[in-house]
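With the hints as extra help, turn the sequences into a complete structure.
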Amino acid sequence: MGSKALKVSEVVYDTLEGRKRKNETFDDVLRRELGLAPGLEDAAAYLPDETRKVVLELIEEIDELADFDHTVETKGASAYYEFVSPDSGLTIAVAEFSSDKGSSVVFRYRQMDGDMIYLTSIHSDRDTDSEFDLNTDSEFDELVENISEPIEGAVRKWH
Numbered sequence: 001m002g003s004k005a006l007k008v009s010e011v012v013y014d015t016l017e018g019r020k021r022k023n024e025t026f027d028d029v030l031r032r033e034l035g036l037a038p039g040l041e042d043a044a045a046y047l048p049d050e051t052r053k054v055v056l057e058l059i060e061e062i063d064e065l066a067d068f069d070h071t072v073e074t075k076g077a078s079a080y081y082e083f084v085s086p087d088s089g090l091t092i093a094v095a096e097f098s099s100d101k102g103s104s105v106v107f108r109y110r111q112m113d114g115d116m117i118y119l120t121s122i123h124s125d126r127d128t129d130s131e132f133d134l135n136t137d138s139e140f141d142e143l144v145e146n147i148s149e150p151i152e153g154a155v156r157k158w159h
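The sequence shown runs 1 to 159 under our numbering.
No lab work stands behind these hints: they were computed from the structure.
The reader is advised that the hints may include incorrect statements.
To be verified - Taking CB as the label site, the calculated pair distances span: (1) Asp141 - Asp14: 39 to 49 Å; (2) Asp141 - Leu16: 34 to 44 Å; (3) Lys157 - Ser121: 16 to 26 Å; (4) Glu145 - Thr15: 36 to 46 Å.
As the list claims (entries may be wrong) - In silico DMTMM-like links for lysine to aspartate or glutamate, alpha-carbon gap of 20 Å or less: (5) Lys75 - Asp63; (6) Lys53 - Glu145; (7) Lys4 - Glu33; (8) Lys75 - Glu24; (9) Lys7 - Glu17; (10) Lys157 - Glu73; (11) Lys157 - Glu64; (12) Lys20 - Asp69; (13) Lys53 - Glu142; (14) Lys7 - Glu33; (15) Lys20 - Glu96; (16) Lys53 - Asp115; (17) Lys53 - Glu41; (18) Lys22 - Glu82; (19) Lys20 - Glu82; (20) Lys75 - Glu96; (21) Lys22 - Glu33; (22) Lys22 - Asp69; (23) Lys7 - Asp28; (24) Lys20 - Glu33; (25) Lys75 - Asp28; (26) Lys22 - Glu60; (27) Lys20 - Asp87; (28) Lys157 - Asp100; (29) Lys7 - Asp27; (30) Lys4 - Glu17; (31) Lys53 - Glu139; (32) Lys157 - Asp67.
Virtual Cβ for every residue (Gly too), placed ideally from N, Cα, C.
What follows is the structure, encoded as structure tokens:
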């Protein structure tokens with residue numbers, strides 16, 4: 001994609017600079033502020049209703065672990081919902097949504113060496129329920145616990 005220069009007043013520049021997060025460009029700020037960046041609902045749009053509900057609840061649980069900024073990037077048939085530390089500017093965890101060959105979400109977190117590593121996934125074919133049978137609260141609670149513990153460690157290390 002090409003780029004264009006944009007002339008702004010000093011007050012507009014200062015306002016944009018104030019809204020800029022670590023490792024963010026002015027283009028990123030403008031996309032976010034103008035509503036041009038995709039959101040979580042856009043990323044989850046291709047998931048079946050029940051799967052989407054579970055995934056959104058998991059994301060809420062992750063959000064309760066720390067104060068995160070969020071970014072959503074799209075690449076091809078995938079959207080990446082990132083949980084970013086406002087202090088370090090590093091991505092602590094990511095939910096990768098894919099609409100390729102059915103619908104899935106892969107959760108990753110930043111491990112001790114700094115690499116993003118697989119945590120768990122929820123997969124569903126377009127016409128079936130999720131791979132996980134999360135109809136009971138205990139199964140959902142177990143999944144939340146399995147996701148929360150490594151992410152809490154990543155928050156302590158990288159936040």
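Hints and how they fare:
1. Asp141 - Asp14: 39 to 49 Å: The hint (39 to 49 Å, Cβ to Cβ) holds, given that Asp141 and Asp14 are roughly 47 Å apart.
2. Asp141 - Leu16: 34 to 44 Å: This hint holds: roughly 42 Å between Cβ atoms.
3. Lys157 - Ser121: 16 to 26 Å: Taking Cβ atoms as reference, Lys157 and Ser121 lie about 23 Å apart, which means the hint holds.
4. Glu145 - Thr15: 36 to 46 Å: Holds: the Cβ-Cβ distance is about 42 Å, inside 36 to 46 Å.
5. Lys75 - Asp63: violated, 23 Å
6. Lys53 - Glu145: holds, 18 Å
7. Lys4 - Glu33: holds, 18 Å
8. Lys75 - Glu24: Holds: Lys75 and Glu24 sit about 18 Å apart, inside 20 Å.
9. Lys7 - Glu17: holds, 14 Å
10. Lys157 - Glu73: violated, 24 Å
11. Lys157 - Glu64: holds, 17 Å
12. Lys20 - Asp69: Holds, because 11 Å separates the two Cα atoms, which is no more than 20 Å.
13. Lys53 - Glu142: This hinted pair holds, its Cα atoms lying about 17 Å apart.
14. Lys7 - Glu33: holds, 17 Å
15. Lys20 - Glu96: violated, 24 Å
16. Lys53 - Asp115: Roughly 29 Å separates the two Cα atoms, so the pair is violated.
17. Lys53 - Glu41: holds, 11 Å
18. Lys22 - Glu82: holds, 14 Å
19. Lys20 - Glu82: Given that 20 Å is the threshold and the Cα spacing comes to 16 Å, the pair holds.
20. Lys75 - Glu96: holds, 10 Å
21. Lys22 - Glu33: Answer holds: Lys22 to Glu33 is near 16 Å, not above 20 Å.
22. Lys22 - Asp69: Given that 20 Å is the threshold and the Cα spacing comes to 10 Å, the pair holds.
23. Lys7 - Asp28: holds, 17 Å
24. Lys20 - Glu33: holds, 10 Å
25. Lys75 - Asp28: holds, 15 Å
26. Lys22 - Glu60: violated, 23 Å
27. Lys20 - Asp87: Measuring from Cα to Cα gives roughly 13 Å; hence the hint holds.
28. Lys157 - Asp100: violated, 33 Å
29. Lys7 - Asp27: Distance of about 13 Å is within 20 Å: holds.
30. Lys4 - Glu17: Status holds; Cα separation ~18 Å.
31. Lys53 - Glu139: holds, 15 Å
32. Lys157 - Asp67: The hint holds at about 14 Å.
Against the hints set out earlier in the document, violations occur for numbers 5, 10, 15, 16, 26 and 28.
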